[in-house]
Amino acid sequence: MSKALIIDDEQQMRRLLRMVLESRGYEVSEAADGQLGLQEAAFQRPDVVLLDLGLPGMSGLEVLKRLREWTDVPVLILSVRDQEGVKVEALECGADDYVTKPFGTAELLARLTVIQRRRFTRQSAEVVVGTLKLDLLHHEAFVETAPIKLTPTEFALLKALAEHAGRIVTQNQIIRQVWSGQCSDQSEGLRVHINHLRKKLGDTGPRIVNEPGIGYRLESLADQAHPSETVR
Amino acid sequence: MNTINASHKPLRPQVSVDVVSQFSWGLTTLFVLASTCWVLLPYTGYLFSALVFLMAIVLARTRCNRGPVLTMAVVSALVWNFIFIPPQFTLHIEKPQDIIMFAMFFVVALSMGHLITQLRAREEALERHHREREQLLAAKHRAELLAESERLHRTLLDSVSHELKTPIAIIRTALDGLGEGNPFAAEIDTANRRLQRIVENFLEMTRVDSDALKPHLEWCEIGDVLHAATTPLQHELSHHPLVITGTEALPLLMLDSRLLAQALGNVLHNATIYAPDATPIEIHATLENGMLEIRVRDHGPGLPLGTEDQLFDKFYRAPDSPAGGTGLGLAISRGLMRAMQGCIEAQNHPEGGAEFRLSLPVKTRHV
Chain A
1 MSKALIIDDE
11 QQMRRLLRMV
21 LESRGYEVSE
31 AADGQLGLQE
41 AAFQRPDVVL
51 LDLGLPGMSG
61 LEVLKRLREW
71 TDVPVLILSV
81 RDQEGVKVEA
91 LECGADDYVT
101 KPFGTAELLA
111 RLTVIQRRRF
121 TRQSAEVVVG
131 TLKLDLLHHE
141 AFVETAPIKL
151 TPTEFALLKA
161 LAEHAGRIVT
171 QNQIIRQVWS
181 GQCSDQSEGL
191 RVHINHLRKK
201 LGDTGPRIVN
211 EPGIGYRLES
221 LADQAHPSET
231 VR
Chain B
1 MNTINASHKP
11 LRPQVSVDVV
21 SQFSWGLTTL
31 FVLASTCWVL
41 LPYTGYLFSA
51 LVFLMAIVLA
61 RTRCNRGPVL
71 TMAVVSALVW
81 NFIFIPPQFT
91 LHIEKPQDII
101 MFAMFFVVAL
111 SMGHLITQLR
121 AREEALERHH
131 REREQLLAAK
141 HRAELLAESE
151 RLHRTLLDSV
161 SHELKTPIAI
171 IRTALDGLGE
181 GNPFAAEIDT
191 ANRRLQRIVE
201 NFLEMTRVDS
211 DALKPHLEWC
221 EIGDVLHAAT
231 TPLQHELSHH
241 PLVITGTEAL
251 PLLMLDSRLL
261 AQALGNVLHN
271 ATIYAPDATP
281 IEIHATLENG
291 MLEIRVRDHG
301 PGLPLGTEDQ
311 LFDKFYRAPD
321 SPAGGTGLGL
331 AISRGLMRAM
341 QGCIEAQNHP
351 EGGAEFRLSL
361 PVKTRHV
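Going line by line, the protein sequences match chains A and B. Counting in my numbering, the first sequence runs from 1 upward without gaps. Counting in my numbering, the second sequence runs from 1 upward without gaps.
What the hints contain is simulated information worked out from the structure, not anything from laboratory work. Glycine residues also receive a C-beta, built at the ideal position from the N, C-alpha and C atoms. Please note: incorrect hints may appear among the correct ones.
[To be verified] With the C-beta cut set under 7 Å, the calculated list includes, among others, these residues of chain A facing chain B:
1) Q12
2) G54
3) G57
4) E69
5) K200
[Claimed, not checked] DSBU-like mimics (lysine-lysine), calculated; alpha carbons at most 30 Å apart, straight line:
6) A:K159 to A:K200
7) A:K65 to B:K214
8) B:K363 to B:K214
9) A:K199 to B:K314
10) A:K149 to A:K65
11) B:K214 to A:K200
12) A:K133 to A:K65
13) A:K65 to A:K3
14) A:K65 to A:K199
Based on the provided sequences and hints, a complete structural model is requested.
Have a look at this one:
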């Protein structure tokens, strides 16, 4: 049974989330502020943390930074804010994904499942996302077993997205991974390569979804079965 | 450069008038003092007049520049020599001590004049410096006040946003827990979504009104903008086929895709309200001379005549619009487009239906 920790100052929200999660077999603990949340995290060793960004006192962002000093437990950000900057900052501080309140239960559970899937471990030379298969050993890519031709940059880009399939990856994170060591602004190059990749993946491969001002998410057709109408 | 010269020209004669008046003031003063000393000469002796002249030079600093002061020094030395030092009315000096005294007077008068004018210049510089400092301080103070009020505004908006959206979020999650199939729950859900839209519109209108919107430009694909605009409207758009044309040919665009998507989303939402179900909504994008234009056309009843401009006013609602809605959506769109240096217009399409045009200047890059 996996353990979830909810850090949110709204009691009603915590109670509801507890009901939703317990009905899915999670063992739930909760905390009403950042300080308590950090204590609970150390004490309970949860498998996943749901963290509200707008906490009183110690901000959610601060809690996240403190958590990341000693654990890489998956963290899902809950936020009512529209400010893209805060979300990007949270993601770059190590949050795994976010949902914006009000969110649907299905969307929340789908995100939790994705971020709890063990983070990419380099035990296999293959990454599979829906119909897409990446052979890291030979630098080859297949959609429904048909090989697609990729340039080295496109391959690196697709690998960066596929390793985090279903999860949001910020523009800076992609650029750091694909163009590491090159200091010039690569955001334009990123757009160009995303454009090429989309064409090569076609209609049968996974989709590269843009979230304005934040980054990209590689969604396999199976992931898209989950309704995500409130993604904003 | 030309304008600066032009603006300086009228000052020229003024400056010379000023200098002339300073010269005449200096010489008149010397004349008056010399006459007085001449009258007093039998009682005071000729050394007295030398001191009077020196005093005049010291006093001249309050109103004269370098040139007039130095001239006064030279003229007073000559006048003293000519009129007062015996033998009078010659420049010739008889006694050796008088020669020394004349030389000393000359040196003292000149150097005093020099020092005094320097002092004056320094005082003026100091005063100017002081004034500039005051102005800078005032500007800094104003900027700090502005930043503080902006911060306060943002904090207030954030906290109001939090307070209003949290209950809506709780209702949403609780409804999901109830499960589908309950008709009462479905009604609450519809009302809750409507409430959410109203709250978001009010908050967004406040943001647009407070000029707190700073477009964040980045390279975008038009397809991503349309995706972001239509995704939150999936439910409403499910009754209208979307026909999108012109987007394939567009290059990368430098713009704030979030703001544009929001402006476009409100226009699309508006179309879904007025156009009958199952009628298509057409989106056509073009790029011409660095202007991106997105046209949204519906096949509804069109705009009531004469409302093409009022439409974008805050709280304006067309006479026959259905209940619900705040009359803010299009006003927000206009605010967002303006924040991006763009504009939005509406008109009736010649073949029926309303047509909205959103246009804005963009930098482009071909893929």
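The hints, checked one at a time:
{"no.": "1", "hint": "Q12", "verdict": "holds (5 Å)"}
{"no.": "2", "hint": "G54", "verdict": "holds (5 Å)"}
{"no.": "3", "hint": "G57", "verdict": "violated (14 Å)"}
{"no.": "4", "hint": "E69", "verdict": "violated (27 Å)"}
{"no.": "5", "hint": "K200", "verdict": "violated (13 Å)"}
{"no.": "6", "hint": "A:K159 to A:K200", "verdict": "holds (14 Å)"}
{"no.": "7", "hint": "A:K65 to B:K214", "verdict": "holds (28 Å)"}
{"no.": "8", "hint": "B:K363 to B:K214", "verdict": "holds (17 Å)"}
{"no.": "9", "hint": "A:K199 to B:K314", "verdict": "violated (42 Å)"}
{"no.": "10", "hint": "A:K149 to A:K65", "verdict": "violated (40 Å)"}
{"no.": "11", "hint": "B:K214 to A:K200", "verdict": "violated (35 Å)"}
{"no.": "12", "hint": "A:K133 to A:K65", "verdict": "violated (34 Å)"}
{"no.": "13", "hint": "A:K65 to A:K3", "verdict": "holds (21 Å)"}
{"no.": "14", "hint": "A:K65 to A:K199", "verdict": "violated (38 Å)"}
Checked against the numbered hints given earlier, the structure breaks hints 3, 4, 5, 9, 10, 11, 12, 14 and satisfies all the rest.
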